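Generate the whole structure from the sequences, applying the supplied hints.
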Amino acid sequence: MSITQSSASLFTTATEEKEGAFNARYSLWIKEALDELPHSFTITDPFISGHPIVFASPGFLKMTGYSREEVIGRNGRAFQGPKTNRRSIMEIREAIREERSVQVSILNYRKSGSPFWMLFHMIPVFGNGDGRVIHFVAVQVPISGQKMRNGSGCSELVFGSCRREVCLGSYVHQERALPVECDEQELENWEHCEASESEKLKSAEAVGNVLSVLTRYSEFAGRLVCGKRSCLRVADCLSSSLVISLGRIKQSFVLTNPYLPDMPIVYASDAFLTLTGYKRHEVLGQNCRFLSGVDTDSSVLYEMKECILKGQPCTVQILNYSNRKDKSTFWNLLHISPVRNASGKTAYFVGVQMEASCKDIESKELRPETRQLSVVGAVRVAVRSSFMVTC
Amino acid sequence: MLKIKRVPTVVSNYQKDEASDESVGCGRNCLGACCLNGARLPLYSCKKLEKSGTGEKLVISHEAREPPVAFLESLVLGEWEDRFQRGLFRYDVTACETKVIPGKYGFVAQLNEGRHLKKRPTEFRVDKVLQSFDGNKFNFTKVGQEELLFQFEAGEDCDVQFFPCMPLDAENSPSVVAINVSPIEYGHVLLIPRVLDCLPQRIDHKSLLLALHMAAEAANPYFRLGYNSLGAFATINHLHFQAYYLAMPFPLEKAPSKKMITTVSGVKISELVNYPVRSLLFEGGNSMQDLSDTVSDACVCLQENNIPFNILISDSGRQIFLMPQCYAEKQALGEVSPELLETQVNPAVWEISGHMVLKRKEDYEGASEENAWRLLAEASLSEERFKEVNALIFEAIGCSNQEEELEGILVQPSGSVNQTGNRTLGGPIANGAASECLVLQ
Chain R
1 MSITQSSASL
11 FTTATEEKEG
21 AFNARYSLWI
31 KEALDELPHS
41 FTITDPFISG
51 HPIVFASPGF
61 LKMTGYSREE
71 VIGRNGRAFQ
81 GPKTNRRSIM
91 EIREAIREER
101 SVQVSILNYR
111 KSGSPFWMLF
121 HMIPVFGNGD
131 GRVIHFVAVQ
141 VPISGQKMRN
151 GSGCSELVFG
161 SCRREVCLGS
171 YVHQERALPV
181 ECDEQELENW
191 EHCEASESEK
201 LKSAEAVGNV
211 LSVLTRYSEF
221 AGRLVCGKRS
231 CLRVADCLSS
241 SLVISLGRIK
251 QSFVLTNPYL
261 PDMPIVYASD
271 AFLTLTGYKR
281 HEVLGQNCRF
291 LSGVDTDSSV
301 LYEMKECILK
311 GQPCTVQILN
321 YSNRKDKSTF
331 WNLLHISPVR
341 NASGKTAYFV
351 GVQMEASCKD
361 IESKELRPET
371 RQLSVVGAVR
381 VAVRSSFMVT
391 C
Chain X
1001 MLKIKRVPTV
1011 VSNYQKDEAS
1021 DESVGCGRNC
1031 LGACCLNGAR
1041 LPLYSCKKLE
1051 KSGTGEKLVI
1061 SHEAREPPVA
1071 FLESLVLGEW
1081 EDRFQRGLFR
1091 YDVTACETKV
1101 IPGKYGFVAQ
1111 LNEGRHLKKR
1121 PTEFRVDKVL
1131 QSFDGNKFNF
1141 TKVGQEELLF
1151 QFEAGEDCDV
1161 QFFPCMPLDA
1171 ENSPSVVAIN
1181 VSPIEYGHVL
1191 LIPRVLDCLP
1201 QRIDHKSLLL
1211 ALHMAAEAAN
1221 PYFRLGYNSL
1231 GAFATINHLH
1241 FQAYYLAMPF
1251 PLEKAPSKKM
1261 ITTVSGVKIS
1271 ELVNYPVRSL
1281 LFEGGNSMQD
1291 LSDTVSDACV
1301 CLQENNIPFN
1311 ILISDSGRQI
1321 FLMPQCYAEK
1331 QALGEVSPEL
1341 LETQVNPAVW
1351 EISGHMVLKR
1361 KEDYEGASEE
1371 NAWRLLAEAS
1381 LSEERFKEVN
1391 ALIFEAIGCS
1401 NQEEELEGIL
1411 VQPSGSVNQT
1421 GNRTLGGPIA
1431 NGAASECLVL
1441 Q
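These protein sequence lines are chains R and X, in that order. Just so we're aligned: 2 in the working numbering is position 2 of the first sequence, and the numbers increase by one with no gaps anywhere. In the working numbering, each residue's number is its place in the second sequence (first place is 1) plus 1000.
Derived by calculation from the structure, the hints in this document are not laboratory data. Note that the structure is predicted; figures quoted are calculated from it, not measured. Accuracy of the hints is not assured; some may be wrong.
[Unchecked claim] Label pairs and their in silico Cβ distance ranges:
hint	chain 1	residue 1	chain 2	residue 2	range
1	X	G1135	R	V300	47 to 55 angstroms
2	X	E1383	R	A24	57 to 65 angstroms
3	X	C1034	R	H192	55 to 63 angstroms
4	X	C1034	R	H281	58 to 66 angstroms
5	R	S212	X	E1370	39 to 47 angstroms
[Unchecked claim] Capping the alpha-carbon separation at 30 angstroms, the derived lysine-lysine pairs in DSSO-like fashion look like this:
hint	chain 1	residue 1	chain 2	residue 2
6	X	K1361	R	K200
7	X	K1359	R	K345
8	R	K83	X	K1047
9	X	K1003	X	K1104
10	X	K1047	R	K310
11	X	K1254	R	K83
12	X	K1099	R	K310
13	R	K345	X	K1387
14	X	K1259	R	K83
15	R	K83	X	K1258
16	R	K111	X	K1047
17	X	K1104	R	K200
18	R	K250	X	K1099
19	R	K111	X	K1268
20	X	K1104	R	K83
21	R	K310	X	K1359
22	X	K1142	X	K1254
23	R	K83	X	K1099
24	X	K1099	R	K345
25	X	K1359	R	K200
26	X	K1104	R	K202
For each residue, glycine too, the CB sits at the ideal point set by N, CA and C.
The following block contains the structure:
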């Protein structure tokens, strides 16, 4: 993908890419089947940088007022706003990090800017064969606000233009009552809005329905998914939370696993793929030597190997061969370093590539060396923390 | 006068025993007048404070994606990794085993035998939160310049400004970010506001705002800033904050909270519920400055009343926890059990937040939520005392919006700690002095 493409077309291509990745997992007509469900839900892919939404149901679009193009590729945070409770945001973030389900009331905002409370119910979806999280499914059930609470009890609620009897709750007609037409200002100021039992049941039902469709269509495609992890994640598969963290790093880098035969690449950033011109599936599982060629200095390769064996960081300048259209070679200022996990032992090696021509310093930017090292630092933080999750 | 003995943590390679620190010969490339000329560091000038919108329509913005690594984060991590590879740290913190303790809160324990010096403990006075700066003792003008990463300032522009190589000019009163050579986690740094002004360890409005700026600029909820007052395990009496990355929530951040009041400037103050250390949580505010000023007012009140405390700035500067404590006092009075003392864990801000660094293997192997809770509970004020302190704080916040410039030593009546010190703000204390930090059985 050329850097000179306009941002608009970049976004469209990105949307297609994301939808493409989704389609690849399931058999044909998955989208149509999901579209038939009445619920509001979104499906996200943690293995795409930015953890974006890859599917949004018509119910979701209707509830939020956005079009499909405006939603696909966005992260779930886009629907949060200034008055969204920070604790709820943290709960969702932690559930994603720990690859588990969560059900929490949260204030979101429509396209118009108007706030609304909803019950957010999210589950991880696991791949049956490799035990990793393929997607997160999130269901949204609007909360009517019959039972609402703030930290100090109902008596301290500010009613404003709210109809008092509705806010206090007419419990007799709970099921059939209209959503509370409260002043938006008041809605935003509620500390919390508890979902009713029926709303909670609705969310569980919706989650179940979505999961059924995904399971059925994954079965047809021969790559089953399920709601529970069926086996331990295989060794060369990174956890989704680690992948999400790594996805924040915008430079070119790879992680390799020194404990697997021939030290294969287990993670490659988008920027690496752009730099080298390869596709992700072409590089995962391969040793980095595919980047070397006829004119690559073998003494440099030897130096790298020595450092890896000694577990020391090193920087080398190496001639690499790309798979870009022009099959050009480039000088790669490569920095390699061992990375430890929470046990204190080396878990991976990180390789950060920098095209030598980029060494020219732009005065307002970080020095290229600093930027290269910042990738190493960010990877260290991500790897160390990702292994500390209690299961 | 109350004192305890403890081994101070070495945060700089030039930190020495208090006793032998007279001859400050140079050639170390420090920040003293001897070496300052010609010193250069990158300068990060953060963007001007924006007022947080009220009633603004939400526009899908950069928040729409999982945010990429921010510029400041790259600067911190990149410079830190550079020092890491140059061997400036006393040990490789990533080689220290760490785990989450099973339990409701998920306390984090680390086995770190290298952090604590195997040295003779030195005496620390623990009954004075305000002590004047002593140039003869170790301070941050004595660090080697290689331990400094960059200058940091609150800018006037609406954009971030970065200057890769800016001279350190005493006239500008630069604030700097330095490494902590005994890191608790990767990226552990010190923020030293107006380093050349040699401010003692006490909170003032401008400095807390600077710290808040840094948290906001880092734009990462896993990068927190912390502060220890004197008497709450600050090692060095030269104004500084600490910060590091830990990509998981602190137990303190997970504790439920109960709202108490909202100030006129929109700052919401809550108290934590069901956490071993009684704490206040400040959030919101019509602007970041309002939030910062309210917390500063509270801290000034605590300082004037000689109450040691810790601060945790969390959630990219949106949440500030204030934890008054009395562990050091209890220790000095011999009220802490020998078992707890033997772990040599001092409940400073990170420990109170739930991150415990343990020096003995048996403590690490046997780490439990119960043990952690028990240790932290010792640091907490009692229910009664906490209420009294809150009353003081609320009055201070209501009363005063301006920073009181405190010069020199605050004159205190000598004698037992049970005296409540220099009470310039009113409020009678129920039951007199004896109710301060007693553990209620």
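These are the hints, each one checked on the structure:
{"no.": "1", "hint": "X:G1135 with R:V300: 47 to 55 angstroms", "verdict": "holds, 52 angstroms"}
{"no.": "2", "hint": "X:E1383 with R:A24: 57 to 65 angstroms", "verdict": "holds, 59 angstroms"}
{"no.": "3", "hint": "X:C1034 with R:H192: 55 to 63 angstroms", "verdict": "holds, 59 angstroms"}
{"no.": "4", "hint": "X:C1034 with R:H281: 58 to 66 angstroms", "verdict": "holds, 60 angstroms"}
{"no.": "5", "hint": "R:S212 with X:E1370: 39 to 47 angstroms", "verdict": "holds, 43 angstroms"}
{"no.": "6", "hint": "X:K1361 with R:K200", "verdict": "violated, 46 angstroms"}
{"no.": "7", "hint": "X:K1359 with R:K345", "verdict": "holds, 19 angstroms"}
{"no.": "8", "hint": "R:K83 with X:K1047", "verdict": "holds, 23 angstroms"}
{"no.": "9", "hint": "X:K1003 with X:K1104", "verdict": "violated, 35 angstroms"}
{"no.": "10", "hint": "X:K1047 with R:K310", "verdict": "violated, 44 angstroms"}
{"no.": "11", "hint": "X:K1254 with R:K83", "verdict": "holds, 19 angstroms"}
{"no.": "12", "hint": "X:K1099 with R:K310", "verdict": "holds, 27 angstroms"}
{"no.": "13", "hint": "R:K345 with X:K1387", "verdict": "violated, 47 angstroms"}
{"no.": "14", "hint": "X:K1259 with R:K83", "verdict": "holds, 15 angstroms"}
{"no.": "15", "hint": "R:K83 with X:K1258", "verdict": "holds, 17 angstroms"}
{"no.": "16", "hint": "R:K111 with X:K1047", "verdict": "holds, 28 angstroms"}
{"no.": "17", "hint": "X:K1104 with R:K200", "verdict": "holds, 24 angstroms"}
{"no.": "18", "hint": "R:K250 with X:K1099", "verdict": "holds, 29 angstroms"}
{"no.": "19", "hint": "R:K111 with X:K1268", "verdict": "holds, 28 angstroms"}
{"no.": "20", "hint": "X:K1104 with R:K83", "verdict": "holds, 27 angstroms"}
{"no.": "21", "hint": "R:K310 with X:K1359", "verdict": "holds, 28 angstroms"}
{"no.": "22", "hint": "X:K1142 with X:K1254", "verdict": "violated, 38 angstroms"}
{"no.": "23", "hint": "R:K83 with X:K1099", "verdict": "violated, 34 angstroms"}
{"no.": "24", "hint": "X:K1099 with R:K345", "verdict": "holds, 13 angstroms"}
{"no.": "25", "hint": "X:K1359 with R:K200", "verdict": "violated, 46 angstroms"}
{"no.": "26", "hint": "X:K1104 with R:K202", "verdict": "holds, 28 angstroms"}
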